[in-house]
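Asks: Sequence:
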Amino acid sequence: MSTTTIDPTIPVPAYPPRGALPPGPKLPPLLQIAAVARDPIGTALRAHERFGEPFTMRVPGFSPSLVFSSPELVKQVVTGRPDVFLAGLANRPLKPVLGRWSLLTLDRAPHMRQRKLLLPPFHGERLRAYGELIDELAEREAAAWPVGETFRLDRRMQALTLEVILDVVFGISDAARKDEMRRLLPRYIDAARHVVFWGSIATVNVGPIRLREQFESRRDAVDQLLYAEIADRRALGDDQLSQRSDILSMLVQATHEDGTPMGDGELRDELMTLVAAGHETTATALTWAVDLLLRNPAVLARMRAAPDDDYVRAVCQEVLRIRPVVPFVGRVVTEPVRIGDHDVPAGAGLLASIALTHHRADIYPEPTRFRPERFLGDAAVPSYGWLPFGGGVRRCIGASFAQFELETILRVLARSPLRLASRRPEPIRATGVTLVPGRGVKLVRERA
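To get our numbering, take the position in the sequence shown, counting from 1, and add 966.
Hints listed in this document are in silico derivations from the structure and should not be mistaken for laboratory results. The structure presented is a predicted model; accordingly, all values stated were derived computationally and were not measured. Don't take every hint at face value.
Stated by the list, open to error - Simulated DEER-style distance windows between Cβ atoms:
hint: 1; residue 1: T1226; residue 2: P1393; range: 47 to 53 Å
hint: 2; residue 1: R1270; residue 2: A1346; range: 26 to 32 Å
hint: 3; residue 1: R1390; residue 2: L1207; range: 46 to 52 Å
hint: 4; residue 1: R1176; residue 2: R1121; range: 23 to 29 Å
For each residue, glycine too, the CB sits at the ideal point set by N, CA and C.
When you get a sec, could you build the whole thing from the sequences and use the hints?
Replies: Okay, here's the thing in structure tokens:
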């Protein structure tokens, strides 16, 4: 097993005094996070309009954070020196879910070492090899939807992207273990969502409500399956492993610079990181995409008539702009820094607000309109004006895979004879670290 030290202790800087930060909403942190949960984009837009850039947000579990949205300042946040602008420290609420070895919770040299191990499975040629499988899974899923009955699309997309995870990432072939993972993993993700979003509040027992105990029980059940799969994969010979295309098999063969393999704990944490980055996020993006297409029939008609790669890609880019799945990326600074004209003290958090940037009228005229043409031809989006996957050395390593999966599945779904069960606008809600459709997008499949 690995003996490489990749998780040194980084002291958490003290929060800066209140007077050292710009003004922001004065609600108590718990009420601020409740407002974000109810209306994440609207809350950010109102705070930006009232306080300007940056303003300070205070929510449970995070450092008091300055919120930036202009591309030039966002760039400074996400490309700041990785030894000072710590993303892993900002992501510490994720550690109970993803683990101490997770790419998202590490910083500095340990993060870069782990990132190098995870990059090879996401190269372009490997992505194309997964295309046929993803297309087949999408066709099978769409064919199983009931005709003439209302169903929630978010649940179906979660089931579909879970199948992609089980095949592409885990490569589970044991039918019984696969069924157990289908049953347990969604329950674990649901429990984890509360722990991440509400932070330490989720550890408090209120009568029969024991969120932390429920979370830990579900985590242990999933871990038992993951460790069994890892053990089975290690038992294979090199020849058998080299013939497999799943990401787990590639990671079992990967070695650190000193030649040591990844340990079981490392493998578990990176697998859970890939689940967190590629399961609910992609399912949510697909759900929003179908909702937006059905509300914009001209766009849907163009996709159906001539689904060329450029237009499908532009549709997906516009979906991720107007409905960013992850609303922000964060950093904590370990020493005083300057962002634009603003002096930021050590210990402060920095939030690059993806949701705000994507809704700035100075970047996107009529920002609430769904217009894929923004991303076609000579249309110019400024650098760091579109950043659904973050930026800098912390940019999501699965970004290309996520976009590829989104485009592949959306081509299939666009052909399905679907209609919205209700024309009421779908509310945007914040849960965990994602912005989800509040009612799940209820659809009816019509006869072809």
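Asks: Are the hints correct? Go through all of them and say.
Replies: Now the hints, each set against the structure:
1. T1226 / P1393: 47 to 53 Å: Given a distance of about 49 Å, which is inside 47 to 53 Å, the answer is holds.
2. R1270 / A1346: 26 to 32 Å: holds (28 Å)
3. R1390 / L1207: 46 to 52 Å: holds (51 Å)
4. R1176 / R1121: 23 to 29 Å: Taking Cβ atoms as reference, R1176 and R1121 lie about 25 Å apart, which means the hint holds.
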